[in-house]
Amino acid sequence: MSSCSKPSAELRRCRPLLGTLVEVRATAPTSAQAERALHAAFAAVARVQELMSFHDPASDLSRLNRAAARRAVRVHAWTHLVLRRAQKLHAATGGLFDIASAPALIRGGWLPRAGVPLPRGAATAADILLLSGNRLRFRRPLLVDLGGIAKGFAVDQAVAALCGAGATAGTVNAGGDLRVFGSLPEAVHVRLPESPGSLVPLVAVRDAAIATSAHYFAQRRVNGAVRSPIFHPLSRQLAGETRSVTVQAAECWLADALCKVVWLAGAAALPLLHAHGARAWVFDAGAGPSRPKEVNHAA
Amino acid sequence: MSRLSTAWLLPPAVLAASTSGYATEYLTVEQAQQALFPGTALTAVPVRLTAEQRQAIAQSSGVRVRASELRAWRTGAGGWFIVDEVLGKHEFITFALGLDLRGAVVGLEILSYRETYGGEVRNGKWRGQFPGKTAANALKLDGDIKNISGATLSCRHITDGVKRLLTTYELVLKTFR
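Read top to bottom, the protein sequences are chains A and B. With the numbering used here as the guide, the letters of the first sequence map in order to residues 617 to 915. With the numbering used here as the guide, the letters of the second sequence map in order to residues 159 to 335.
Source of the hints: derived by calculation from the structure; they are not laboratory data. In this text, a Cβ means the ideal position worked out from N, Cα and C, and glycines have one as well. It is possible that some hints are incorrect.
[Stated by the list, open to error] Now the in silico label distances, taken between C-beta atoms and shown as ranges: (1) A:Arg700 - B:Leu245: 37 to 45 Å; (2) B:Ala216 - A:Gly725: 19 to 27 Å; (3) A:His692 - B:Gly261: 25 to 33 Å; (4) B:Val263 - A:Lys909: 43 to 51 Å; (5) A:Pro733 - B:Thr201: 37 to 45 Å; (6) A:Ala776 - B:Thr201: 39 to 47 Å; (7) B:Gln189 - A:Ala776: 52 to 60 Å; (8) A:His671 - B:Arg222: 17 to 25 Å.
[To be verified] Cross-link-like lysine to any residue pairs, in silico, SDA-like; alpha carbons within 20 Å at most: (9) B:Lys332 - B:Gln213; (10) B:Lys247 - A:Asp672; (11) B:Lys321 - A:Thr636; (12) B:Lys321 - A:Leu633; (13) B:Lys247 - A:Leu888; (14) B:Lys304 - A:Ser624; (15) B:Lys304 - A:Lys704; (16) B:Lys247 - A:Gln835; (17) B:Lys247 - A:Glu810; (18) B:Lys304 - A:Glu626; (19) B:Lys321 - A:Asp672; (20) B:Lys332 - B:Thr208; (21) A:Lys704 - A:Leu888; (22) B:Lys304 - B:Thr252; (23) B:Lys304 - A:Thr636; (24) B:Lys321 - B:Gly261.
[As the list claims (entries may be wrong)] Calculated from the model, a selection of chain A residues having no Cβ within reach of chain B, i.e. all distances over 12 Å: (25) Arg679; (26) Trp694; (27) Ala708; (28) Asp793; (29) Ala825; (30) His892.
Only chain B is shown next, with the shape it has when bound in the complex (with noise of 0.2 Å):
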């Protein structure tokens, strides 16, 4: 049964409903360590930040230290895998970044993306209108939506959080035991 032939079963009041939330899993940590690192054994290696390292990193980074705990693990080969995240005034992304021996970086992957904006789903009356001006036969659910149009959205918040963490690794991974 394909997916598109079951949005025909639904009224089109239900296929033009609006939603205001969006929400999408890439990559589960596992998988970002094998897209990162393939064929590589990770170690989880706990890193409790103390409040003066804290400090330290978001005076160098200019980026503010939320979380004391980080998420990381290391490779046999000295290298680093992270796993953090970061909040934008509406979104609210996990990501994973992959660090060098020498702290370069490897790589960067999205693990999810969420929006959260509050309820502001309006009833426009040309909602009604809607399928019978478009190919609206063949959208799907709102819990589908694959394809936003104009979502453009800054990844600032993602830069600063790259940032913070390399620094992170400068004043205190470089040196971890």
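Chain A on its own, in the form it takes in the complex (with noise of 0.2 Å):
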């Protein structure tokens, strides 16, 4: 307990959302604010989740994907902003993030069939048109997954409606991506890619997000080799290291995205790195057991 003992309580609660688990954790003066913190942040969860799942047929996204190659469909403010970001990322990873990845996914199994037939050759997230009041128009066929950003973004609207319905401190966290606010650090652990059962703690945060992309959990035979579902657009080839990437970032959706692009990119992405104030680790189980990685410049 903290050593200037204010009375507080702390609630710990947990839901499978997103296709996974989702655990948030509260602080507030009093339980019943706890509480309510709780139901704001889970709810905001679940909104995102109804408006960026690509396997709910009725989701925003869906939407997009059926329809906005022909006209200009309108969605939710959320929707429209995660887009923008990642449009942004588009443009300032060189293409390397890129959310029209959906096509490689679906081939490789991980996504399934979206009821629209997959578009053939190189449209990217540069073909969506970003138009006022919260409308888009794809210019050629696409199909968008957010699971490289939506995660994340799902966490940091928690947070939001955590601080916002009172709470003092809190964690959300999302099948592994996650933020963290209030007064006291808090220390991060990541799993060994090799084995998984393993948790070392790599770092210590105040009010930051760190996200992980490893894929331990979901590593399938395309192809009859093993691989991940990271999509490298330019080469057009699935991941195939087991490999374990983690980025602090001060939002989750930026942290999120950011794994994809170092896992890509490695060093190359130490810019970009920089000038979003965040860093990063990169794990490859290789012969060895492996071990933790700043990436830096002498990476």
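Make the complex out of the two chains shown on their own, each in a separate frame, by following the hints.
Following this line, the structure appears as structure tokens:
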């Protein structure tokens, strides 16, 4: 307990959302306030799921994928914001971060068929036209998947909801993409990619987000080779490494998205990390036990 | 005394050790009852499934039925509160499902989560170097792991468990006397 002991209550809950387990912790002056904060946080995550799920035919995202190549589609402000951020990152990474990679993930079996023909050719996030009034259009047939950014965005919205409901400290962890706020630093552990049951402490953070891309639970055989659901839009290959990338940033959508960039670009992502005040660690399962390597100029 | 300050007393080797077990308790059964049915009195109703019923539930839901005993409670209004568990390859999850009198889901709460890996702790040389590299001073004990980044487990087993319980409602509880 804190040495300056203001009375406060901490509650911790976990629910299945976003295809994973979402854990929320809230500290507030009273347990009733903490309870309300938890409720608001889970509601925010559920809202993001409703809007941005690839699996839900009624989501904003599914409506876009079905219709936006033919006409402008109006979406929720959150969906518009996520697509705007994704497109900006697509430009800033020379195309490495691309939310239009869904066809490769469908072919690999990670995403379901969307009920529309798989677009052929090289349409990218640059083919999304962001229009006024939260409307969007695709210049060419396009299948968008927000798997690399929406989970982090949901965490950010949940943290905003916790704060808005009067929580003084808290954590939101959506299947490994997490954000903490409050006055005390929190230790964050990661899994060793070749031995995911082994948890190792990585860093302690305060008011920050940490996301990890690792696929020890999601690797599949594609055309005879073990692959991860990370697609290189330029080489048009699925990732084959048993690797884990962790990124720390101020906001979770950014940490989430930058994980994919660091996975694909390694140390070449440093300027981008610096520009966003972010840092990253890469674990490669090699011959011996992996060790976390912070991405820096020596790498 | 702050929890963080106790970490300063520990040698770096302990701080940097890895662990291969992880468990969290979120809610007791009573707390989950209050979360799903606030201010409602619940009565325990033992429900035993016959072999026939189990088979019918498995067939209809496509999910294996392991237990013949259902940990169930009823509200005065005819709703149900059921505590159940799901087993994944590495995880063991206890959850509570609330149903209203028509069998619609009122809510779901995870009661506890446990990972069951083997003794996979590995000793990398890097751990000796770890504390200097990051803000290890503020790290807590392994027994107090609160934040895991990269725990990308799917919740498919829970989805299956809910499907199995909703089928159990349709085939058994709906017409429960």
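### Message
Checking each numbered hint in turn, tell me which of them this model violates, lowest number first.
### Response
Numbers 5, 7, 10, 13, 15, 28, 29 - these are the hints that the structure violates, sorted from lowest upward.
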